[in-house]
Every structure is written in C-alpha cells, then in structure tokens.
Amino acid sequence: MDFIRNFPFFSIVLSLFSGPLSSILGGKWAKRVNVAVIVLCGILSGAVLWYVCRTGEAFVYSMGHFPAPWGNEIRAGILEALMAVFFCVVMLLCMLGGIREREEEIEASKQSLYYIMVDLLLCSLLALIYTNDLFTAYVFVEINTISACGLIMIKQNGRTIEAATRYMIMSLLGSGLLLLGLCFLYDLTGHLLMSNIRESVHALAAGGQYQRPLLVAICLMCVGLAIKSALFPFHTWLPDAYGYSTVSSAAILSSLVSKGYIFLLVKIFFRVIGFDVFSGSKVIHVLFVFGIAGMIMGSVDAIRESDIRRMIAYSSVAQIGYIYMGFGLGTTEGVIASIYHVICHAATKSLLFVAASGITDASGGSRYFKDLNGAGRRNRLAGVAFTVGSLSMVGVPMFAGFISKLFFSQAAVGHNIKMLPTLMALAVSTILNAVYFMKTVIRIYSPLKTTVTDEKAAESISRERMDGKPAGLPEGYREITVRQQPVKAAAMILFILLNMVLGLNSEPLAGLIERGLDMFS
Amino acid sequence: MSRKVPREQYEKTLSFKLKTWLEGSRDPYVGNLEMRPQSLRQEDEAVRRRLQEDKKQARDRAYDTEHNREMVLFKKLYRIFSLLFCVFLVSMLLIGVADLPPFGEADKPVNNEVSQRYIEKGLQETGAVNIVTGMILDYRAFDTLGESHVLFIATCTVLILLRADQEKGKNGAEEWEANDRAYEPKNDVILQTAARLLVPFIIIFGIYIILCGHLGPGGGFSGGAVIGAGLILYVSAFGFARTERFFTAKTYKWMSFGALACYCLSKTYSFYTGANHMESVIPLGTPGAILSSGLILLLNICVGVVVAGTMYTFYVMFRKGGY
Numbered sequence: 001m002d003f004i005r006n007f008p009f010f011s012i013v014l015s016l017f018s019g020p021l022s023s024i025l026g027g028k029w030a031k032r033v034n035v036a037v038i039v040l041c042g043i044l045s046g047a048v049l050w051y052v053c054r055t056g057e058a059f060v061y062s063m064g065h066f067p068a069p070w071g072n073e074i075r076a077g078i079l080e081a082l083m084a085v086f087f088c089v090v091m092l093l094c095m096l097g098g099i100r101e102r103e104e105e106i107e108a109s110k111q112s113l114y115y116i117m118v119d120l121l122l123c124s125l126l127a128l129i130y131t132n133d134l135f136t137a138y139v140f141v142e143i144n145t146i147s148a149c150g151l152i153m154i155k156q157n158g159r160t161i162e163a164a165t166r167y168m169i170m171s172l173l174g175s176g177l178l179l180l181g182l183c184f185l186y187d188l189t190g191h192l193l194m195s196n197i198r199e200s201v202h203a204l205a206a207g208g209q210y211q212r213p214l215l216v217a218i219c220l221m222c223v224g225l226a227i228k229s230a231l232f233p234f235h236t237w238l239p240d241a242y243g244y245s246t247v248s249s250a251a252i253l254s255s256l257v258s259k260g261y262i263f264l265l266v267k268i269f270f271r272v273i274g275f276d277v278f279s280g281s282k283v284i285h286v287l288f289v290f291g292i293a294g295m296i297m298g299s300v301d302a303i304r305e306s307d308i309r310r311m312i313a314y315s316s317v318a319q320i321g322y323i324y325m326g327f328g329l330g331t332t333e334g335v336i337a338s339i340y341h342v343i344c345h346a347a348t349k350s351l352l353f354v355a356a357s358g359i360t361d362a363s364g365g366s367r368y369f370k371d372l373n374g375a376g377r378r379n380r381l382a383g384v385a386f387t388v389g390s391l392s393m394v395g396v397p398m399f400a401g402f403i404s405k406l407f408f409s410q411a412a413v414g415h416n417i418k419m420l421p422t423l424m425a426l427a428v429s430t431i432l433n434a435v436y437f438m439k440t441v442i443r444i445y446s447p448l449k450t451t452v453t454d455e456k457a458a459e460s461i462s463r464e465r466m467d468g469k470p471a472g473l474p475e476g477y478r479e480i481t482v483r484q485q486p487v488k489a490a491a492m493i494l495f496i497l498l499n500m501v502l503g504l505n506s507e508p509l510a511g512l513i514e515r516g517l518d519m520f521s
Numbered sequence: 522m523s524r525k526v527p528r529e530q531y532e533k534t535l536s537f538k539l540k541t542w543l544e545g546s547r548d549p550y551v552g553n554l555e556m557r558p559q560s561l562r563q564e565d566e567a568v569r570r571r572l573q574e575d576k577k578q579a580r581d582r583a584y585d586t587e588h589n590r591e592m593v594l595f596k597k598l599y600r601i602f603s604l605l606f607c608v609f610l611v612s613m614l615l616i617g618v619a620d621l622p623p624f625g626e627a628d629k630p631v632n633n634e635v636s637q638r639y640i641e642k643g644l645q646e647t648g649a650v651n652i653v654t655g656m657i658l659d660y661r662a663f664d665t666l667g668e669s670h671v672l673f674i675a676t677c678t679v680l681i682l683l684r685a686d687q688e689k690g691k692n693g694a695e696e697w698e699a700n701d702r703a704y705e706p707k708n709d710v711i712l713q714t715a716a717r718l719l720v721p722f723i724i725i726f727g728i729y730i731i732l733c734g735h736l737g738p739g740g741g742f743s744g745g746a747v748i749g750a751g752l753i754l755y756v757s758a759f760g761f762a763r764t765e766r767f768f769t770a771k772t773y774k775w776m777s778f779g780a781l782a783c784y785c786l787s788k789t790y791s792f793y794t795g796a797n798h799m800e801s802v803i804p805l806g807t808p809g810a811i812l813s814s815g816l817i818l819l820l821n822i823c824v825g826v827v828v829a830g831t832m833y834t835f836y837v838m839f840r841k842g843g844y
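Quick note, the sequences are listed as chains A and B, same order. For what it's worth, this note's numbering labels the leading residue of the first sequence as 1, then goes sequentially. For what it's worth, this note's numbering labels the leading residue of the second sequence as 522, then goes sequentially.
Just so you know, the hints here were simulated from the structure itself, not pulled from any lab data. We put the beta carbon where it would ideally sit given N, CA and C, even for glycine. A couple of the hints might just be wrong.
[As the list claims (entries may be wrong)] Footprint (simulated), chain B over chain A, 3 or more residues, beta carbon under 8 Å:
id, segment
1, 61 to 72
2, 90 to 96
3, 140 to 150
4, 329 to 340
5, 426 to 435
[To be verified] Below, a list of computed lysine-lysine pairs in the DSS-like style, where the Cα atoms sit at most 27 Å apart:
id, chain 1, residue 1, chain 2, residue 2
6, A, Lys439, B, Lys576
7, B, Lys576, A, Lys28
8, B, Lys576, A, Lys370
Please put together the full structure from these sequences, using the hints given.
If you want it as structure tokens, here you go:
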C-alpha cells in the first residue's frame with residue numbers, strides 16, 4: 001500500500017525518460033511510447049489520488065538520501081493528484097484528437113521531435129504539480145517554456161515561427177520576473193522549500209520586517225506567472241500561438257500549459273506566501289481589476305475576429321480573466337471557483353479546438369466564417385461537439401461552464417465591495433460569449449441553398465453562384481464530404497462526455513478541491 | 522443480408538436514424554423546419570466599386586505612416602510611456618533591493634542551518650571535496666536532472682527550427698550553390714595550424730575539468746562547454762568533411778540518449794533507495810581520490826557529454842542546418 005507513495009516520482013521519471021528515449025526511435029514508435037506514457041502517468045496519478053483520499057492527508061517524498069531543507073522533495077495531496085489525473089486525461093484526448101493533422105502538417109523526419117516535446121511537457125507539468133521546492137519549480141518552468149515553443153513552431157511556416165518568437169520573448173520575460181521574485185524570497189528567508197519559506201514569511205509578516213521587499217517579491221512572481229498564462233494586458237502572444245499551430249498543440253497549449261502556471265501560482269499563494277498574507281496585500285486588487293478587464297476585452301476581441309481558430313484563442317483570454325478574478329476575490333471560495341474553472345476551461349477549450357479542426361476540414365480547409373456555412377451538417381459530430389463546447393463556454397446549465405460561473409457568483413456574493421463588479425462582469429461577459437459563440441453555431445448550421453422556399457432568394461443565389469461573385473465559395477463546395485476519423489471521433493465523444501460529467505456531477509469534484517486546498521495549509 | 526429485423530422495421534430504429542444522420546444522408550429538420558438562407562446584399566456594380574475605392578483610400582490613409590497624425594502622435598506617446606514605465610519598474614526594483622538584508626552580514630537569513638550543513642557535513646555526506654559539486658549533483662540532484670533535460674530539449678527545439686532535410690542537398694548544382702558547405706574556407710593556414718596546436722589541449726583540459734569536478738573547481742557544465750568550444754574550433758578550421766568522420770546526427774542522438782539515460786537511471790536508483798530509507802550500495806570512497814564520492818563522477822561525465830553535444834549541435838545547426 002505504502003508503495004503508492006512512490007508513484008508521483010515514478011510518473012515524473014517515466015515521462016522524463018521517455019523524452020530522450022523518443023529521440024532514438026522513429027516517429028511511429030515515438031507516438032506509441034508517448035500514448036503509453038500518458039496513459040501510465042494517468043493510471044499512476046489515479047492511484048495516488050485514491051491513496052490520498054483514503055489516508056486523508058498529504059505525504060512528502062524526499063528525492064534522495066537527504067531530508068527536505070537540504071535535498072529536494074515532492075509532495076502529493078488530493079489537489080495535486082486530481083490535477084495530475086486531469087492533465088493526463090486532457091493531454092491524451094488532445095493528442096488523439098489531432099492525430100491526422102499532425103501527420104499531415106509535420107515533416108516526417110521531425111515527427112519524433114514533436115513527441116519528445118510532448119513527453120517533456122507532460123513531465124514538466126507533473127513536476128510543477130508535485131514539487132515542494134521553488135527552485136525545482138523554476139527548472140521545470142524552463143522545460144515547459146521551451147517545449148511549448150517547440151509545439152508552436154513544429155508546423156513550420158512564417159506564421160508559426162513568428163508566433164513562437166513572440167511567445168518566447170514574452171514567456172522568457174515572465175520566467176525572468178519569476179526568477180527575480182524567487183531570488184528576493186530566498187534572500188529574505190534563506191529557504192527554497194515551500195513550507196519553510198511560509199514559516200519565515202509568517203514570522204516576517206508578524207514582526208513587520210522587510211515589508212517592501214516582500215511585496216515586491218509577491219508582485220514579481222504574480223506578474224511573471226500572469227505573463228506566462230496570458231492575463232489580459234500580456235495576452236498579445238496568445239492569438240497567433242493558439243491560432244496557427246497544429247491542432248493538438250493549440251489544444252495542449254490552451255488547456256494545459258497556461259493552466260500549469262496557474263496551478264503553480266495557486267501553490268505559491270497557499271504554500272509559499274500563505275493565503276492570509278497574500279489576501280492581505282494589495283496585489284489581489286490588481287489581479288481582480290485585470291481579471292475583469294481581461295473578461296471583457298478578450299470577448300470583445302473575439303467578436304471582432306473573422307477566423308474561427310483565432311476567435312477561440314481570444315476566448316481563452318476572457319477565460320483566463322475569470323480565473324484571475326477568482327483569485328482577486330481573496331477568499332477560499334474564490335480560489336475554489338477558479339480551480340474549478342481551470343478544469344472546466346481545460347476540458348472545454350481543447351474540445352473546441354478539436355471540433356473547430358473538424359469544422360474547417362468540412363469547409364475545404366478554410367478557417368474564415370464566410371466559408372463555414374453548413375459545416376455542421378457536413379461533419380455532424382464536429383458540429384455537435386462545437387455546439388456543446390460553445391454552450392459550455394457561454395454557461396448553459398448541464399455543461400461544465402455553468403458550474404464554474406455559479407461558483408464564481410456564489411463566491412462573490414459573500415464579498416462586500418467586490419460583489420457588484422464581479423456579478424456585473426459575469427453578466428456582461430456571458431452575453432459577449434454568447435454573441436460570438438452562438439454566432440458561430442448558427443453559422444455552421446445555416447444552409448447554403450437547401451430548402452429555400454423563397455423563389456426570389458433561390459434565384460438570386462443561383463445567379464450569384466453562376467457569376468461566381470460575392471459568395472466567394474469555391475466550386476464544388478457543397479460536395480465536400482468528410483470521412484469520420486474513428487480516433488478523432490472517439491476523442492470528441494469523450495470530450496463531450498467529460499464536459500457533461502463536469503457539468504452534471506460537480507459536487508464530488510468541488511468537495512475534492514476543497515479538501516485539497518485544506519491540505520495545502 | 523443476414524439481418525434478423527426486416528428492412529422497414531430497421532429503418533424505424535434509433536440506430537438507423539443515428540447512422541444516416543452521421544453519414545449526412547438524412548436530415549431530421551428537412552421537411553419539419555423551414556430554413557431560409559441568410560439575406561444577400563443586392564448591390565449594383567457602381568455602388569460596389571465606390572465602396573471598394575472608399576475602402577482602399579481609407580486603408581492608404583491609415584497606413585501612410587508619415588502623414589497620419591494619430592500614428593505620429595501614437596509613436597511619440599509610445600516612446601514616452603515606455604520610458605516612463607521602465608523608470609517606474611527600475612525604481613520599484615531598486616526600492617525593493619534597497620530594503621533587502623545587507624550583503625555579507627553574519628545574521629542574514631541566508632546563513633541558516635541549510636548552508637551550515639552543506640559546509641560542515643558536505644564532505645562526509647557526499648564525499649566530494651568541491652562542495653558546489655556535492656550540492657548540485659547529490660543534495661539537489663533532482664534540479665540538475667531537470668537542468669540537463671533543459672539542454673536536451675533546447676537542442677531538440679533548435680533541430681525543429683533549423684535542421685534542413687538531408688535529401689534536398691544531393692540533387693542539382695543549384696542547391697549545392699545555395700549550400701554553405703561550398704564556401705567553407707578550406708585552406709586557412711593560420712587557423713589550421715593554430716587549431717592543430719590548440720584543439721588537443723583544449724579537449725584534454727575539458728576532460729580534466731569534468732573528471733576532477735568533485736575534487737576541485739569545475740564539473741560537467743564547465744568542462745562540457747570547454748570540449749564543445751574545442752570541437753567548434755576544429756570544425757571551423759578543417760570543415761565538415763573531417764568532423765563527419767566521428768560526429769554525425771546519429772552520434773549525437775546516441776550520445777545524448779546514453780548520457781541522459783545513464784543519469785536518469787542511476788539517479789532513479791538513488792532517489793528510490795533514499796526515499797524508502799534503504800541503504801544505497803554505492804560506496805563514497807576516500808575523499809580526494811579520483812574514484813570517490815559515489816555517483817558524482819558518473820553524473821559529471823553524463824552532464825559533460827550532454828553539454829558538449831549541445832554546444833556543438835547549436836553551432837552546426839546555425840551554420841548549415843546539419844552535422
């Protein structure tokens with residue numbers, strides 16, 4: 001039984017080892033190894049989740065023969081194990097959902113490099129989740145950043161290379177700020193281990209010493225991680241990176257990479273600085289304001305887009321805004337709502353990216369709205385999946401997004417000053433979400449010329465099609481048939497099920513998150 | 522057809538409906554729901570042409586950067602605000618640093634039990650005379666494991682970006698022209714003589730730094746960098762034809778895999794035994810001997826191999842996109 005305590009370490013090492021292993025394998029075997037590693041890590045993390053739920057307390061695992069403040073250490077509690085399981089599931093589905101696009105868009109000789117990136121990305125996510133040491137977190141943030149750059153530019157054209165350059169510059173700026181903050185904290189406390197730092201920070205806060213450097217350190221870490229997870233004013237790298245990279249990359253980047261940083265931020269709030277010190281500082285108001293600004297501005301940008309992938313990417317900006325707004329409330333309920341939203345958004349956004357690729361396939365590869373008419377009828381499953389994802393994003397009951405919006409408003413109601421802005425922002429943002437997502441859903445189900453009853457309109461359509469003028473559609477457009485790919489279809493169905501489960505069965509999951517947060521302190 | 526249910530009955534079942542719906546041959550809305558296409562704009566030729574011209578003019582005016590007043594104003598403001606922002610950021614950081622505990626003070630928080638144990642017990646516990654090596658490769662070996670994979674993944678990213686397909690270079694004089702190999706300086710006597718004299722010493726020095734990393738200043742990272750520099754000097758003097766004999770893409774692949782796998786497996790053993798409170802069978806040896814301090818020597822060699830390979834790969838990728 002106690003053997004399960006080794007599993008977090010095993011899952012990290014397994015994914016770490018599979019990276020170099022893939023470098024000597026061909027593309028096909030690298031793919032198999034990758035799928036096997038993701039499944040194994042998911043199973044191992046599942047066992048850890050079961051174990052910590054049973055014992056009811058978190059455990060630490062020292063990496064090596066030296067105990068914690070001297071050696072490295074990892075720690076597993078309910079929240080860590082839950083996130084690990086969830087990340088593995090979403091990553092597996094993302095990889096399955098983009099399987100054919102990868103084979104088409106990536107050069108054959110570089111396929112195995114892609115799987116190296118994904119393996120090491122998984123490893124860094126697991127290490128970020130389980131680590132109990134700030135410097136270890138920084139090392140794996142580096143791996144995460146570099147592999148994300150690789151994921152963006154593996155589809156080699158000008159757009160993706162530009163996007164990867166932008167991502168790299170912004171993300172390295174974020175890493176640098178995080179490292180600066182870490183140095184400040186180390187200088188103030190003399191520790192890198194999270195629990196020891198928290199003790200020292202509490203002593204400093206109680207004694208009123210070094211208040212200014214402490215505030216600067218908190219700011220630096222918050223801003224660094226906010227840049228890396230694309231909070232509103234720092235989101236400029238996001239639309240290109242998500243919009244032009246290959247499907248599975250876009251899905252993984254939006255649902256896992258940014259969420260890994262957000263989870264690290266949660267860990268820093270609770271395990272490094274201490275939540276009472278953090279919520280007593282002024283930083284939360286800044287996060288709150290920028291979170292709300294992101295909710296509105298991201299949606300406004302998404303409405304203006306005429307490209308379906310970029311629209312979904314901008315919608316991520318809005319959703320990240322929700323998460324930071326939850327942090328900004330400064331209550332445990334707010335953080336629970338944010339973590340629930342992390343999970344919901346990861347499940348929904350990757351579903352949307354995979355479904356959007358199905359829709360663009362059914363429109364002759366075009367991603368512009370004017371060509372998408374009727375795509376939901378040519379590729380039924382992708383249409384349904386996109387609709388489910390949109391409904392979830394808008395926040396219709398039965399789907400995942402509704403629950404997190406409910407949690408956000410519940411968390412806001414108890415708050416004196418921030419209640420009104422939060423509720424209003426939620427309302428406005430929901431309407432804006434509905435504007436662009438429902439616009440797309442209506443577009444993919446509206447016909448080109450079928451069942452036209454109006455004689456005159458039918459005539460004008462046929463005339464325009466003969467002239468080949470504004471409709472702007474290629475000849476033979478209607479005849480595009482899409483062969484359902486079984487793997488992708490399975491991934492989409494599983495994504496839809498995951499969304500429904502999150503939307504209909506939220507109680508146990510929210511309970512787990514609450515218990516996990518209790519374990520943090 | 523060996524279906525048990527007759528055709529008419531089968532067509533009424535849900536599974537048949539789902540199947541036809543998925544295939545797209547049946548639409549439940551057709552006949553039940555009236556649908557109209559989106560209304561089409563009816564414009565005549567003149568109106569459309571005028572609209573297009575308007576659009577073009579507006580675009581030209583917007584992108585005429587020198588005469589667009591908003592643009593000029595924006596550029597000025599942009600500069601002023603970025604300057605102000607930098608000043609603000611710098612002053613914030615300076616204020617933060619000014620309040621930090623002063624450098625070199627005895628009762629700084631940094632001088633606590635952690636560094637005390639590293640200094641006082643480092644030699645007994647790790648067997649490494651060089652405390653820094655003992656810290657990075659034994660006390661905090663997990664961080665260094667991650668760090669060596671950072672190098673590995675950075676190389677992979679550079680390979681994605683810069684590696685050219687080998688097949689392309691072999692056909693046609695035109696591509697040979699475009700290939701940088703054709704323009705390599707092949708007979709630079711000064712460079713070749715200097716390289717012939719220096720490269721052996723550089724590489725031997727690098728190996729020395731790696732092997733003695735646990736006894737004195739040095740270690741895998743610095744020694745690997747020195748070896749990588751030696752290789753780069755060699756390839757610049759003698760060209761790729763000479764290095765291809767011993768360093769190809771395959772060599773790099775197996776080298777880095779071997780080193781990282783060795784690091785990963787040996788450290789997995791020591792993490793596993795450490796966390797489960799088992800005795801490790803690896804002896805620490807006598808401090809000061811070359812074969813001492815447990816796994817540190819092996820790990821230093823692994824790190825050195827990875828670093829040297831990474832440096833050389835970066836150079837050749839940026840130079841011509843292949844080994």
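Status of the hints after comparison with the structure:
1. Interface restraint, the segment 61 to 72 of chain A with chain B: holds (10 residues with C-beta to C-beta distance below 8 Å; minimum three).
2. Counting residues of the segment 90 to 96 of chain A whose beta carbon lies closer than 8 Å to any beta carbon of chain B gives 0, which falls below the threshold of three, so the coverage claim is violated.
3. Counting residues of the segment 140 to 150 of chain A whose CB falls under 8 Å from any CB of chain B gives 7; the rule of at least 3 is met.
4. Coverage of the segment 329 to 340 of chain A by chain B is violated [criterion: at least 3 residues with CB-CB distance below 8 Å; count 0].
5. Evaluation of the coverage hint for the segment 426 to 435 of chain A: breached, as 0 residues show C-beta separations to chain B shorter than 8 Å, against a requirement of three.
6. Between lysine 439 of chain A and lysine 576 of chain B, the direct Cα distance comes to roughly 25 Å. Compliance with the 27 Å bound is thereby established for this hinted pair.
7. A hinted pair counts as satisfied when its Cα atoms are at most 27 Å apart, and lysine 576 of chain B with lysine 28 of chain A does not qualify at roughly 51 Å.
8. For the hint linking lysine 576 of chain B to lysine 370 of chain A, the alpha-carbon distance of about 19 Å falls within 27 Å, and the restraint holds.
The earlier numbered hints that this structure contradicts are 2, 4, 5 and 7.
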